[in-house]
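A.B. asks: Chain by chain, the residues run as shown.
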Amino acid sequence: MVLKDLLEKLNLKILNEADLSREVKGCYIGDLLSNVMANAQKNQLWLTIQGHQNIIAVSLLAEVSAVIVVEDSEVDNKSIKRAEEKGVNLLKSELTAYELAKRLVELGV
Amino acid sequence: MREILLDLHIHSVLSPCADILMTPGNIIKKAIEKNIDVISITDHNSIKNVKSAREISAGKKIKIIPGIEVQSKEDIHLLSYFENLKDLNSYYELVYEGLNNIKNDEEKFGHQIIVDKNDQFIDKEEKLLMNSTNYSLNELVNLTNKFNGIPVPSHADRSFGLIKNLGFIPEELNIKFIELNFNKTILQYYNQYPYLKKFQLINNSDSHFLNQIEPKMKINLKTQPTTKNIFKQIKKEQPKNYIISK
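Respectively, the protein sequence lines represent chains A and B.
Per our numbering, the first sequence starts with residue 101, numbered consecutively.
Per our numbering, the second sequence starts with residue 787, numbered consecutively.
Honestly, the hints are just simulated from the structure, not real lab data.
Source: prediction; values computed, not measured.
Each hint should be verified, as a subset may be incorrect.
DMTMM-like cross-link-like pairs, simulated, lysine to aspartate or glutamate; straight-line CA separation at most 25 Å [unchecked claim]:
{"hint": "1", "chain 1": "B", "residue 1": "859", "chain 2": "A", "residue 2": "105"}
{"hint": "2", "chain 1": "A", "residue 1": "192", "chain 2": "B", "residue 2": "925"}
{"hint": "3", "chain 1": "B", "residue 1": "859", "chain 2": "A", "residue 2": "184"}
{"hint": "4", "chain 1": "B", "residue 1": "962", "chain 2": "A", "residue 2": "176"}
{"hint": "5", "chain 1": "A", "residue 1": "181", "chain 2": "B", "residue 2": "905"}
Okay, the calculated bits of chain A under chain B, using three or more residues with CB under 8 Å as the criterion [what the hints assert, rightly or not]:
{"hint": "6", "segment": "132-145"}
{"hint": "7", "segment": "148-157"}
Computed from the model, here is a short list of chain B residues facing chain A with C-beta under 7 Å [as the list claims (entries may be wrong)]:
{"hint": "8", "residue": "860"}
{"hint": "9", "residue": "896"}
{"hint": "10", "residue": "950"}
{"hint": "11", "residue": "951"}
{"hint": "12", "residue": "952"}
{"hint": "13", "residue": "953"}
Ideal Cβ placement from N, Cα and C applies to all residues, glycine included.
Construct all of the structure, not just a fragment, from the sequences and the given hints.
C.D. replies: Below, the structure is given as structure tokens:
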């Protein structure tokens, strides 16, 4: 599955669009960035409430297909700017990580 | 030239997680017993025992650097030290305003006790102190610098620490010092996080119990050991890591 297929079905808000043809394979949930750096896998969707600009560098390192900031948490403007500069898909959802993950499972991610 | 021993991260009974025996008077007594010259009482998001501690220490050899440990909205703890109570208070007033307004539940979180200059319980802080403020870490660092303070991210590699929560140190952060636990050697730290070489690494006890208070660092002082001179020396020179053999 690619990111584009999921966008509408999940009612996600796009904060920065880089490459919506990225493959999506599973998801990782975490807010402590040291854990995400150590454990997130390539092409996963990363669900977090962390809005600090470090999420962009961490997402590049982990090679996730997109960062989805859940629970409508505040995202720093610097994060959005970094995402534009570095070409990172940065999305937002009103759902909690649990609710969003359930929807992902239903969609076969 | 004299050698000054320091422990700059101690919680008093105002912090809900600290032991009930951690009154400023008891802390000062224990620190003197351990030959510590300078301490800082750094409670979570509050300063309400610092003034009494200074009054209790009056006439004694020990000095107290005004300090506080504040939690950012990213759940990161930041120590801030100031030259005087006025600067500490200016910083604190902003911090307290930004602290999420939840009432402390003593059963669940612990007591938040304020003492007077006789070390007697006189009041309680009603707002839960073990909580985030709505300031980002970057904002707290900038505010500390604005009031001429020293910002130091606490226990950076463990819970509520900068590296633990944000993965690495953001470039924009205007800091010189990082506090580490020193459960490993400096070389091991450098191997794991090479970027730490750019910072002055400091070590404190982060005491929540009286028996945890230890001299953890030293500085050399040429001037008279007043709080002001010691503060300036810490700001200027890297305090040396000083680990007591058990």
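A.B. asks: Given the hint that residue 859(B) pairs with residue 105(A), does the C-alpha gap stay at or below 25 Å?
C.D. replies: At roughly 34 Å apart (the allowed maximum being 25 Å), residue 105(A) and residue 859(B) break the hint.
A.B. asks: Counting residues of the segment 148-157 of chain A whose CB is closer than 8 Å to a CB in chain B, do you get three or more?
C.D. replies: holds (count 5)
A.B. asks: Verify the proposed pairing of residue 181(A) with residue 905(B), using a straight-line Cα cut of 25 Å.
C.D. replies: This hinted pair is violated, its Cα atoms lying about 51 Å apart.
A.B. asks: Under the criterion that the straight-line Cα-Cα distance not exceed 25 Å, is the pair residue 962(B), residue 176(A) satisfied?
C.D. replies: Roughly 24 Å separates the two Cα atoms, so the pair holds.
A.B. asks: Would the hint on residue 896(B) stand, with a C-beta cut-off of 7 Å toward chain A?
C.D. replies: 24 Å, violated
A.B. asks: Against chain A, run the beta carbon of residue 951(B) and see if the smallest gap drops under 7 Å.
C.D. replies: For residue 951(B), the interface hint holds, since the closest Cβ of chain A sits about 6 Å away, which is under 7 Å.
A.B. asks: Would you settle whether the hint for residue 950(B) is holds or violated, based on the nearest Cβ-Cβ distance to chain A being less than 7 Å?
C.D. replies: 5 Å, holds
A.B. asks: Hint validation: residue 952(B) versus chain A, beta carbon distance must be below 7 Å. Holds or violated?
C.D. replies: 5 Å, holds
A.B. asks: For the segment 132-145 of chain A, do three or more residues have a beta carbon lying closer than 8 Å to a beta carbon of chain B?
C.D. replies: This one holds; 5 residues, not fewer than the three required, reach chain B with a Cβ under 8 Å.
A.B. asks: Do the alpha carbons of residue 859(B) and residue 184(A) lie within 25 Å of each other, as the hint requires?
C.D. replies: Holds, at roughly 24 Å.
A.B. asks: Sort out whether residue 925(B) lies within 25 Å of residue 192(A), counting only the CA atoms.
C.D. replies: Distance of about 24 Å is within 25 Å: holds.
A.B. asks: Close enough to count: is the Cβ of residue 860(B) nearer than 7 Å to one in chain A?
C.D. replies: 5 Å, holds
In terms of the numbered hints stated before, the structure departs from hints 1, 5, 9, listed from lowest to highest.
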